[in-house]
Amino acid sequence: AQTVTQSQPEMSVQEAETVTLSCTYDTSENNYYLFWYKQPPSRQMILVIRQEAYKQQNATENRFSVNFQKAAKSFSLKISDSQLGDTAMYFCAFIVNAGGTSYGKLTFGQGTILTVHP
Amino acid sequence: DTAVSQTPKYLVTQMGNDKSIKCEQNLGHDTMYWYKQDSKKFLKIMFSYNNKELIINETVPNRFSPKSPDKAHLNLHINSLELGDSAVYFCATRGGARAGGFTDTQYFGPGTRLTVL
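If you read the sequences in order, they're chains A and B.
In short: position in the first sequence from 1, add 7, done, that's my numbering.
In short: position in the second sequence from 1, add 4, done, that's my numbering.
Please keep in mind that the hints were generated in silico from the structure rather than gathered at the bench.
All values reported here derive from a predicted model rather than from experimental measurement.
Glycine is no exception: its CB is placed at the ideal position from the N, C-alpha and C atoms.
You may find that some hints are simply not true.
DSSO-like cross-link-like pairs, simulated, lysine-lysine; straight-line CA separation at most 30 Å [said to hold, decoys possible]:
| # | chain 1 | residue 1 | chain 2 | residue 2 |
| --- | --- | --- | --- | --- |
| 1 | B | Lys40 | B | Lys56 |
| 2 | A | Lys77 | B | Lys44 |
| 3 | B | Lys45 | A | Lys80 |
Label pairs and their computed distance ranges (CB to CB) [as the list claims (entries may be wrong)]:
| # | chain 1 | residue 1 | chain 2 | residue 2 | range |
| --- | --- | --- | --- | --- | --- |
| 4 | B | Leu121 | A | Ala78 | 43 to 53 Å |
| 5 | B | Ile59 | A | Ser35 | 14 to 24 Å |
| 6 | B | Phe46 | A | Ser49 | 43 to 53 Å |
| 7 | A | Ala23 | B | Lys71 | 41 to 51 Å |
With the hints as constraints, model all of the structure from the sequences given.
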């Protein structure tokens, strides 16, 4: 069974600074995908960034980047130049790629509440 | 133009009632899901359908019954509601090569907050 662990229940950062959210996972699979989703107070689940496990290059999306360490099963999210709108709960999630498809379920971490202070 | 929509957004009801939540997607995706987010914000899958066929049923009580009348819709019917059913229920869809987007990525609806009194 896959598990995802986010060890930081809450984090805070000043506007314009950089913050890193941690995520570790456990799996015996070799082919999978990792995601970070953001859930602001509106409760909408918004995809922030995705990483394919077979790619060594870390994914980046504008101010968001990941540090993917496959051997260590670690997948942290770095937010640069934090903005007030980044205040949200962030979920790390994992899905196995089975035979070229991934019908399967997303397994989520417990979430990290990030507060950006002005 | 909303990609994944859910109705209603809020649902307040009494214990013992039967209620339904509807999900519709206009992305042309083949796979749809129901997730439950509990009071501690933990998200867990309940069901998954692919082309109207049930492919995941994650030890959910029989009182929960999903129904997919067509590929664009996945509804969730709950019988005999209990206090513990209070949660936010999310519908999600997974991209397919034909529909565009990443085939591994799930896109979520806005959620339905269910409160059982």
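Tested hints:
Distance restraint check for lysine 40 of chain B and lysine 56 of chain B: the Cα-Cα separation of roughly 20 Å lies within the 30 Å cut-off, and the hinted pair is therefore satisfied. For the hint pairing lysine 77 of chain A with lysine 44 of chain B, the CA-to-CA distance comes to about 29 Å; that is within 30 Å, so the pair holds. A distance of roughly 23 Å separates the Cα atoms of lysine 45 of chain B and lysine 80 of chain A; the hinted pair therefore holds under the 30 Å criterion. The given range of 43 to 53 Å is respected by leucine 121 of chain B and alanine 78 of chain A, whose C-beta atoms sit roughly 50 Å from each other.
Between isoleucine 59 of chain B and serine 35 of chain A the CB atoms are about 21 Å apart, so this pair conforms to the stated range of 14 to 24 Å. For the hinted restraint 43 to 53 Å between phenylalanine 46 of chain B and serine 49 of chain A, the CB-CB distance of approximately 19 Å leaves it violated. Alanine 23 of chain A and lysine 71 of chain B have their C-beta atoms about 49 Å apart, which keeps the hinted 41 to 51 Å range intact.
Consistency with the previously given hints fails for number 6 only.
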